[in-house]
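S.K.: Sequence:
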Amino acid sequence: MTVIESDKAIVNATAEDIFTFLCDFNNFEQLMPDQVSGWESTEDSCLFTIQGMAKIGMKISEKIANTEVKIVSTDKSPFKFDLNCKIGDQGDGTCEAQMILEADLNPMIQLMVEKPLGNLFSFIVKKLQSTHQ
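Quick note: the sequence shown, position 2, residue 2 per the numbering used here, numbers continuous.
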């Protein structure tokens, strides 16, 4: 099992606000880097292409109030994965956010995607932080 973790970021919003934001894939487009194109989304699913990599499809599988949004890959993705968006209430009107991907990847695929996906998820978390100041 390959685990790829983003950096953690303190976000200047409540855990409830960030949870609500992350429960709607329509909000994710503004968090994506320039290397993402062909964005399509509904509240519960999205499809996009990462330049030089692949088309990725995701859907929300579970929502744990104000603490976690669980996302799974769809059959549009080149490999199966789980992506957990973790939210930790800091008790002062801020929260900590982190994304953790778990996937069964063969060693060749792991070498190709581990760093780009880690960078993507860290970018998303930092963008979440900067859009909620």
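The hints are simulated quantities; they were obtained by calculation from the structure and are not laboratory data. Worth double-checking, as some hints may not be accurate.
[Stated by the list, open to error] Computed beta-carbon distance windows for the label pairs:
(1) S130 - N106: 18 to 26 Å
(2) Q51 - K80: 19 to 27 Å
(3) G93 - Q30: 20 to 28 Å
A virtual CB, placed ideally from N, CA and C, is assigned to each residue, including glycine.
S.K.: Under the constraints set out in the numbered hints, which ones does this structure not fulfil?
M.R.: The structure breaks only hint 1.
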